[in-house]
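Sequence order for the protein chains is A and B.
No gaps in the numbering here: position 74 of the first sequence is 74 in our numbering, and each next residue is one more.
No gaps in the numbering here: position 95 of the second sequence is 95 in our numbering, and each next residue is one more.
What the hints contain is simulated information worked out from the structure, not anything from laboratory work.
Incorrect hints may have been included.
In silico EDC-like pairs for lysine to aspartate or glutamate, Cα to Cα no more than 20 Å straight-line [what the hints assert, rightly or not]:
1) A:K38 with B:E76
2) A:K50 with A:E138
3) B:K50 with B:E152
4) A:K50 with A:D137
5) A:K38 with A:E59
6) B:K50 with B:D121
7) A:K38 with B:D19
8) A:K50 with A:E132
9) A:K50 with A:D161
10) B:K50 with B:D144
11) A:K50 with A:D144
12) B:K50 with B:E132
13) B:K38 with A:D19
14) A:K50 with A:E152
15) B:K38 with A:D173
16) B:K50 with B:D166
17) B:K38 with A:E73
18) A:K38 with B:D173
19) B:K38 with A:E76
20) B:K50 with B:D161
21) A:K38 with B:E73
22) B:K50 with B:E138
23) A:K38 with A:E73
24) B:K38 with B:E73
2 protein chains.
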Amino acid sequence: MNFCSKCGARLSVRVPQGDNLPRHVCSACHMIHYQNPKVVVGCIPVWGEKVLMCRRAIEPRYGLWTLPAGFMENSETTSQAAVRETWEEAQARVEIHAFFSLFNLPHINQVYVIYRGQLRDANFAPGEESLEVCLFDEAQIPWDAIAFPVIEQTLRLYYRDRARGDFGTHAGDIIRTPDHGYTIDMA
Amino acid sequence: MNFCSKCGARLSVRVPQGDNLPRHVCSACHMIHYQNPKVVVGCIPVWGEKVLMCRRAIEPRYGLWTLPAGFMENSETTSQAAVRETWEEAQARVEIHAFFSLFNLPHINQVYVIYRGQLRDANFAPGEESLEVCLFDEAQIPWDAIAFPVIEQTLRLYYRDRARGDFGTHAGDIIRTPDHGYTIDMA
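Isolated chain A, as found in the complex:
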């Protein structure tokens, strides 16, 4: 971030008066340009006993499996975002049932919000960002080829809850370790 998006002047990095963190501040119009985490919203789309997953056609993690999820847009709600992402990535129509999990990924400034949903019908197809889309039984889930730790953890919680016959809600943090692994802290 080098230039003020409002007036075009150079930005400097300094702690504004009354603040305690360095921010990008415009040298001309003095506008403060805050940077904040982004919300990624997704869905566990269920059809009978099966879960719909997408194989990524984009980087990062090209070729690996994920749940339909993506950046929340302005003017929408998290459940609307989950429906939209399921349509865009899997060309599937889903009805959102319940909030399921919130995970922080502070190393990449993301908050993941995942809902449970039910497919309205068995029609689905790869969207532009997917190579293929499949319904998997629990035994078929490609655990060794899941794109992101947050998706693996969400699915493990889903199947644990399903085995208990009681879906809870979950909140936790996925923390990157110095060796590029992850620890998972559940609240």
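Please arrange chain B on chain A, whose structure you already have, making use of the hints.
Only chain B this time, still in chain A's reference frame:
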């Protein structure tokens, strides 16, 4: 948003290839400048039977009562943000107990995440953004002077759950109506 924060050239608004929404795109370096909702994180800080609230020293809603809450920062988790905001606004040290609620406010592009917490001691004082900070019994809550509908709804759910002896988690949307009122949709 008028200028590219990377190279300083003029921005235009157009739908990028492969996208379906208009974005601010740089005419020179072609960088796409996305705008996304922000996360506001807060806490219900409990001490015995009482809840700690803050009277706002800033606009909007100067002089009205709220829970400690504010914009989540990069590199922190939602529970860290809740602890930080409770310190900044109420000079109180809180231990986070559990995720409590997620509310969408799509008319202002915000997602509210509220935790339940317990004060570590009875020390508190107004931070820079608060006029005063008080512990309230349920009967003392200033229902007619609460700053935001999302805070009123969160507190009503909290007291409903407490009366039942069972704290759940809650997700919903606060939707602005044309007459500047609100509707609340719980998922």
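Hint check:
A C-alpha spacing of about 12 Å is found between K38 (chain A) and E76 (chain B), which places the hinted pair at or below 20 Å, so the restraint holds. Our distance criterion of 20 Å between C-alpha atoms is met by K50 (chain A) and E138 (chain A), whose separation comes to about 7 Å. Annotation: proposed proximity of K50 (chain B) to E152 (chain B) holds, straight-line Cα distance about 16 Å (limit 20 Å). Restraint check: the Cα-Cα separation between K50 (chain A) and D137 (chain A) comes to about 5 Å, which is no more than 20 Å; the hinted pair holds.
This hinted pair checks out: K38 (chain A) and E59 (chain A) have alpha carbons roughly 18 Å apart, not beyond 20 Å. For the proposed pair K50 (chain B) and D121 (chain B), the alpha carbon gap of about 13 Å is at most 20 Å, so the pair holds. Of the supplied pair hints, the one linking K38 (chain A) and D19 (chain B) holds, its CA atoms being roughly 18 Å apart against a limit of 20 Å. Straight-line distance between C-alpha atoms of K50 (chain A) and E132 (chain A) comes to about 16 Å, which keeps the hinted pair within the 20 Å bound.
The suggested pairing of K50 (chain A) with D161 (chain A) holds, with an alpha-carbon distance near 15 Å, which does not exceed 20 Å. Taken as a hint, the K50 (chain B) and D144 (chain B) pair is honoured in the structure, with Cα atoms around 18 Å apart against an allowance of 20 Å. About 18 Å separates the Cα atoms of K50 (chain A) and D144 (chain A), which keeps this hinted pair within 20 Å; it holds. Of the supplied pair hints, the one linking K50 (chain B) and E132 (chain B) holds, its CA atoms being roughly 16 Å apart against a limit of 20 Å.
The hinted pair formed by K38 (chain B) and D19 (chain A) meets the criterion: a straight-line CA distance of about 18 Å does not exceed 20 Å. Note on K50 (chain A) and E152 (chain A): the hinted pairing holds, with a Cα-Cα distance of about 16 Å set against a maximum of 20 Å. About 18 Å separates the Cα atoms of K38 (chain B) and D173 (chain A), which keeps this hinted pair within 20 Å; it holds. Between the alpha carbons of K50 (chain B) and D166 (chain B) the distance comes to roughly 17 Å, so the proposed pair stays at or under 20 Å and holds.
The straight-line distance between the Cα atoms of K38 (chain B) and E73 (chain A) is roughly 10 Å, inside the 20 Å bound, and the hint therefore holds. Taking the CA atoms of K38 (chain A) and D173 (chain B), the gap is near 18 Å; set against the 20 Å cutoff, the hint holds. Between K38 (chain B) and E76 (chain A), the direct Cα distance comes to roughly 12 Å. Compliance with the 20 Å bound is thereby established for this hinted pair. With a C-alpha separation of about 15 Å, the suggested pair K50 (chain B) and D161 (chain B) falls inside the 20 Å cut-off, and the hint holds.
Distance check on the hinted pair: K38 (chain A) and E73 (chain B) sit about 10 Å apart at the alpha-carbon level, within 20 Å; holds. Between K50 (chain B) and E138 (chain B) the alpha-carbon distance is near 7 Å, which keeps this suggested pair within the 20 Å criterion. Restraint check for K38 (chain A) and E73 (chain A): the C-alpha separation of about 10 Å stays at or below 20 Å, so the hint holds. Note on K38 (chain B) and E73 (chain B): the hinted pairing holds, with a Cα-Cα distance of about 10 Å set against a maximum of 20 Å.
Comparing the model with each numbered hint stated earlier shows that all of them hold.
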